[in-house]
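Number of protein chains: 2
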Amino acid sequence: FQSIGGGWVEAQNSRGEVGLVPEDYIEVSYIVSVDVKSMEEISVSLLQATNGNDPWSAWNADPSGDSTNNWASNPEGTQTGKSAPDPWAPVSHGHPQAYQGPGAEDDEWDDEWDDMKSTGYAESEAGESGALQRGGSHATSMKISLNKFPGFSKSGPELYLLCKQLVKGKDRLPIYTGEVGPVWSYPEAQLDCVVADPKKGSKMYGLKSYIEYQVTPSTTNRPVNHRYKHFDWLYERLLEKFGSAIPIPSLPDKQVTGRFEEEFIKMRMERLQGWMTRMCRHPVISSSEVFQLFVTYKDEKDWKMGKRKAEKDETVGVMIFSTIEPEAPDLDLIEVEQKCEQFSRFTKSMDDGVKEILTVGHEHWKRCTGPLPKEYQRIGKAFQNLSSVFTSSGYQGESALTDAMTAAGKTYEEIAQLVAEQPKKDLHHLMETNNEYKGLLGCFPDTIGVHKAAIDKVKEGDKLVAASKITQQDKVTMAKRASTMSYALQAEMNHFHSNRIYDYNRVMQLYLEEQVKFYETIAAKLRQAHSQFTTM
Amino acid sequence: FQSIGGGWVEAQNSRGEVGLVPEDYIEVSYIVSVDVKSMEEISVSLLQATNGNDPWSAWNADPSGDSTNNWASNPEGTQTGKSAPDPWAPVSHGHPQAYQGPGAEDDEWDDEWDDMKSTGYAESEAGESGALQRGGSHATSMKISLNKFPGFSKSGPELYLLCKQLVKGKDRLPIYTGEVGPVWSYPEAQLDCVVADPKKGSKMYGLKSYIEYQVTPSTTNRPVNHRYKHFDWLYERLLEKFGSAIPIPSLPDKQVTGRFEEEFIKMRMERLQGWMTRMCRHPVISSSEVFQLFVTYKDEKDWKMGKRKAEKDETVGVMIFSTIEPEAPDLDLIEVEQKCEQFSRFTKSMDDGVKEILTVGHEHWKRCTGPLPKEYQRIGKAFQNLSSVFTSSGYQGESALTDAMTAAGKTYEEIAQLVAEQPKKDLHHLMETNNEYKGLLGCFPDTIGVHKAAIDKVKEGDKLVAASKITQQDKVTMAKRASTMSYALQAEMNHFHSNRIYDYNRVMQLYLEEQVKFYETIAAKLRQAHSQFTTM
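So the protein lines, in turn, are chains A and B.
Numbers in the numbering used here are just positions in the first sequence, counted from 1, shifted up by 508.
Numbers in the numbering used here are just positions in the second sequence, counted from 1, shifted up by 508.
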C-alpha cells in the first residue's frame, strides 16, 4: 500500500486491479483479509439476499438455520466464536473499527464504509468486502460488549454481584410496583422523535457522499442532523450501557447496493424511525444522557464532547444493575429463577410465533405480487379477447355485451394491480412490526443469559463461602443483587408486554382495516362492472 | 368365449383373468381389440383425466393438442381415419353398436355399457375397455353419419345438390328474413324441459343398475323417464338428421368411475339439463318429430314405435337441406362463399377465445382450491398461534388483544373456506357455459366443411357441364341449392349469435354477481374481526 495523503492510499485488490482506497478501508481489509475468496462468496449471498422488491427476502436466505436450536443449545447466551450473520448466535468479537476513545475521533477515520462512493476502485469490491465486515459484526441483533469493561469476566455477572459500591444520585434507576408488578419509572410526557428529510451530503470534494437524516425530538422541536453511522454509534453506546438489562434492537441492516436509491432510503428511514420510536418509548433509554445528547446536542462541539464523555462511561455491561433501586422487598432465589424461566419460555415461544408470521407473510407477499395478479391479468385479458372476437361477429346489437365484457376484463386487470400493490399497504406493516419484534426477541437470549448466570453464581454461594472465595456477607449481597436484577428483568418484561400489546393491537387493526378496504374496493369495482351488463 | 345364457358370456382378459361379461361388451371388444395394451394406456389416461374434484381437469389432459392446427390443416372437415378423442378431428367410423333397425331393438342388447355393475369381473377392466370404446366414438363433438345414407358420397353434398325432388309439406323448414338477416321460424312459445329427479333403477335381478332421469316438457308438463342411453340415442338421431346444417353438441362425457356418486350424478344431470335446454331453444330441433317423441311419448309402445320410425328416417345428412325453404331471393356464389368464410373465421376465433377462458379458469380453479386457501389457513393459524403465546404471558389485561387476535385468525380460516368454495359458485358456471360453447364450436368445422364442399362443387359446374357429367340445368340447380344451404347456415349463425349474446350476458352477470358477494362477504368478515380490537 502506498499512502498518497489525505487519508487515501493506492491499493491493489485480489484481481490485481489498482485504485484509490481510504485508509480506514485498508484497516478493515487487514481484519478480514484472511480469506478473500470465501468472503466474496458470502458477500454475493448478502447481495442476493438484500436485492429485489421484497424487503423480507433476506429472511429466507438467512443461513442461521433453525433459531430454535440456538435457544436450546445456547440458552445462557455464552459467547461463541461463530461469526455467521445469525441474530441468535452471539459473537465474541466486538466492532473492530469502533470508537476507541478520542484518538479515533477523527471524522475521516471512523467514516462508515457505506458512505463511500466509487473512487475508481471497483465499487463492488470495496463495497462487498466492507459489507461482509460490517455485516458480520452487525448482523447479530445484540452484542453485549462486556470485554470493554476493564477486568470484566467473560463468564458472568460477578462484577456486579460482588461490587463494593452502588451508583447513587441522578443516575439511579428506580423500580416501582405498579398494577402489573415491577415497573420502570415512566416520564409524564413520552419523548417522541421524528426522523425525516433525508438529504444527500458529500465531503472530500465529492469523493465521499452520504445520507443525513433530520431527527426532531418532541421536547425541543429543534431538528438535529445524523448520519447512519451516528445512529450506529448511539446503538453501540446503548448496547454497552443497557444491554444486560434492556434488549437493544439492532439498527436496520446495512445494504450494499442501491443505497442511494429512493426506495432504499425511504425504507431505511422508516426503520430508523421505528427504532427511534422504540427507544423513545423506553423510559430508561430515552432519559439517558447519551440518548438525550443524540437528540438535543446544540452544536458540533457539544456533540463531540458528549461523545467523548459517553465513550468514557464506566457504568456499562452488568454494572447497569448497580444503578437500579427497586422499592419492593427482596425476592428469594426460587422466585427469581421462576420469573427468569417464565420470561425465557415466553420470549422463545413468541420468537417462534413471530417467525411463523414472517414466514407465512413472506409466502403471501410473494403470491400477492407474483402469480396471483398475473392470473387476474390473464382472466382480464381472456374476457377482453373474447369480447373482441364477439365484436368481429358482424351480428347486430352486440355492442351492449361486448362493451360490458371489455369493461369486466379491464376490471380484472385493475384487480390484478390492486392485488399486487396491496401488500405494501397492509402486509408491509404487519411484517415490519413482526420484524422489529424478531429483532427485539433476538436480544433476549443474551439478556436472560446474564440473569441465569447470576442465578447460577448465587446458587454456588455456599460452595464459594466454604472454599473461602467469598465471605458470608458477600453471599447475602449476591442474593440481594440477584433480586435487584430480577426486578429489572420484570420491569423490562412488563415494559415489553405493554408495548407488545399496544403494537400488536395497532398493527392488527391497521392490517384488518386495509384488508377491509382492499376487499371493499374490489367488490365495488366488480359491482360497477356488473352494472354494465344489460338485464334481459 | 363361452355363452352361459341370458346375454352373458364367460371371458378371459389380457391378464388371463376370467369373469362374466355381457355379450354386448364382447361385441365391443371385437371392434377395439386390436391393441389391448395401448387401449388400456389410453383408458388409464381417460380415468386420470376425469377423476378428481375439478370437472375440467380433462381439458388439460386432452391429447388433441392444438386444435388451431386442426382448423387450419383440415378446414373442410374431411373425414380422416384418426380415432383419437379429439373434438376437432372428424372420425370415419360411426357407432359400432348403434341402432341397426328393429333387429337391434332388444333392450338387453343395446344396453349402455356404463349402466353395468361389477359382476365378479374386475370392474376396472371391463370399465376401462368400455370407456375407451365409448370414449373413442363419443369424444368427437359431432360426427355426421353420412355413411348410413344409401349411396351417399363421402366427398360431399352432391346428393342434395343434384337430387331430383325437394321435401314438401309439414317437414319443410322455412327461413324468413328478420332484422338480423335470415332466421329460422321461431315458435310463439319456447319449449322448455326440466331434467330432474335422478333415480337408481336395476334389472336382471340387480346385476344391471342405471340412473333414470325425469324429463318434463313445459308443453305437456307430464314427466317422461329417460336413461343416459336414451339421451344418447336422441343425440345420434339429431346428429344424423340435422348435423349438416345445425351444430349438435355432444352429450356430457361418459365417466368410468364413481358414476353412482352423488356429485357425478348431479353434474351429469346439470349437463344433460344444459344440453336439453339448448336443444329446446333451437326452433328446428325442438319442433322435430324425434325430439317431440323423446319428450312427450305416451307409453312404452309409443316410444318403441317412434324409435323405429325415427331410425328409418331418410331425410338425414345433407338431405336436410332439401327441406329448407328460404323466402328470399337466391344468393350468388361469391356472397355464399363470403358468408361461409366469415362464419369459419368467427367460429375459429371464438373457439380460441373460449379455450383461453377455459385454460385460465382451470388455472384459477386450481389456485382457488389449492394453494390460496392453504395460505389463508396458515395466516389464520399464525395469528392464532401468536395469540395463544400472548395468552401464556402471565401479563394482566391481555385478553382483549388475544381474543381479538384469535377471532382474526379464525376469520382467515373462514376466508380460506370461502376461497376454496367460491369456484363452485361462480367460476363453475362460467366454465360450464364456455365448455358448452367449446362443444358447440367443435361442431362447426364439420358443418362448415359441408358448405365449403358444396361451394367447391358449384365452382366445378362449368367443368362438369363441359365433361357432360351434368347438364346446364343441373348447374343452375346446384347454384340455387348452394344458396339455400347458405341461407340455412346464416339462419343457424344468427341463431347461434343470439343465443351466444344471451348466454354470455347471463353467465357474466352471474359470475360478477357472485364475485361481488364473495368479496363483500370477506370484507364484512374482516370488518367484524377488526371491530373486536379495542381502540387505544
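Don't take every hint at face value.
The list cannot tell twin chains apart, which means a pair is met if one copy fits it or any two copies do.
[As the list claims (entries may be wrong)] Within a straight-line C-alpha distance of at most 27 Å, the following computed DSS-like cross-link-like pairs (lysine-lysine) qualify:
(1) K737 - K960
(2) K863 - K889
(3) K1033 - K863
(4) K977 - K960
(5) K933 - K889
(6) K672 - K918
(7) K932 - K918
(8) K918 - K863
(9) K1025 - K933
(10) K1033 - K809
(11) K889 - K774
(12) K1025 - K716
(13) K983 - K967
(14) K918 - K812
(15) K977 - K889
(16) K812 - K882
(17) K678 - K965
(18) K967 - K711
(19) K932 - K882
If you are wondering where the hints come from, they were derived from the structure by calculation, not from laboratory data.
Hints, verified against the model:
Taking the shortest alpha-carbon separations for K737 and K960, neither the intra-copy value of 33 Å nor the inter-copy value of 81 Å comes in at or below 27 Å. For the homomeric pair K863 and K889, the shortest alpha-carbon distance between copies (13 Å) is at most 27 Å, but the shortest distance inside one copy (38 Å) is not. Only between protomers do K1033 and K863 lie at most 27 Å apart by alpha-carbon distance; the minimum there is 26 Å, versus 35 Å within a single protomer. In this assembly of identical chains, the alpha carbons of K977 and K960 lie at most 27 Å apart only when taken from the same copy (21 Å versus 111 Å across copies).
In this assembly of identical chains, K933 and K889 lie within 27 Å of each other by CA distance both inside one copy and across copies; the values are 26 Å within and 22 Å between. Within a single copy, K672 and K918 get their C-alpha atoms no closer than 77 Å, and across copies no closer than 56 Å, so neither meets the 27 Å cut-off. In this homomeric assembly, K932 and K918 come within 27 Å of each other (Cα to Cα) both inside a single copy, at 22 Å, and across copies, at 23 Å. In this assembly of identical chains, K918 and K863 lie within 27 Å of each other by CA distance solely across copies; the values are 19 Å between and 38 Å within a copy.
Taking the shortest Cα distances, K1025 and K933 sit within 27 Å of each other both inside one copy (10 Å) and across copies (23 Å). In this assembly of identical chains, K1033 and K809 lie within 27 Å of each other by CA distance neither inside one copy nor across copies; the values are 60 Å within and 58 Å between. Proximity of K889 and K774 under a CA criterion of 27 Å is satisfied in neither setting, with 34 Å inside one chain copy and 32 Å between copies. Taking the shortest Cα distances, K1025 and K716 never come within 27 Å of each other, neither inside one copy (45 Å) nor across copies (58 Å).
Taking the shortest Cα distances, K983 and K967 sit within 27 Å of each other inside one copy (9 Å), while across copies they are farther apart (118 Å). In this assembly of identical chains, the alpha carbons of K918 and K812 never lie at most 27 Å apart, being 60 Å within a copy and 55 Å across copies at closest. Neither within a single protomer nor between protomers do K977 and K889 lie at most 27 Å apart by alpha-carbon distance, with minima of 82 Å and 53 Å respectively. When the C-alpha separation of K812 and K882 is checked against a cutoff of 27 Å, the pair qualifies neither within a copy, at 55 Å, nor between copies, at 56 Å.
With identical chains, the CA atoms of K678 and K965 are never at most 27 Å apart, being 30 Å at best within one copy and 111 Å at best between copies. In this homomeric assembly, K967 and K711 never come within 27 Å of each other (Cα to Cα): the closest approach is 57 Å inside a single copy and 87 Å across copies. In the homo-oligomer, the alpha carbons of K932 and K882 lie at most 27 Å apart both inside one protomer (17 Å) and across protomers (22 Å), since each shortest distance falls under that limit.
Violated hints, in rising order: 1, 6, 10, 11, 12, 14, 15, 16, 17, 18; the structure is consistent with all others.
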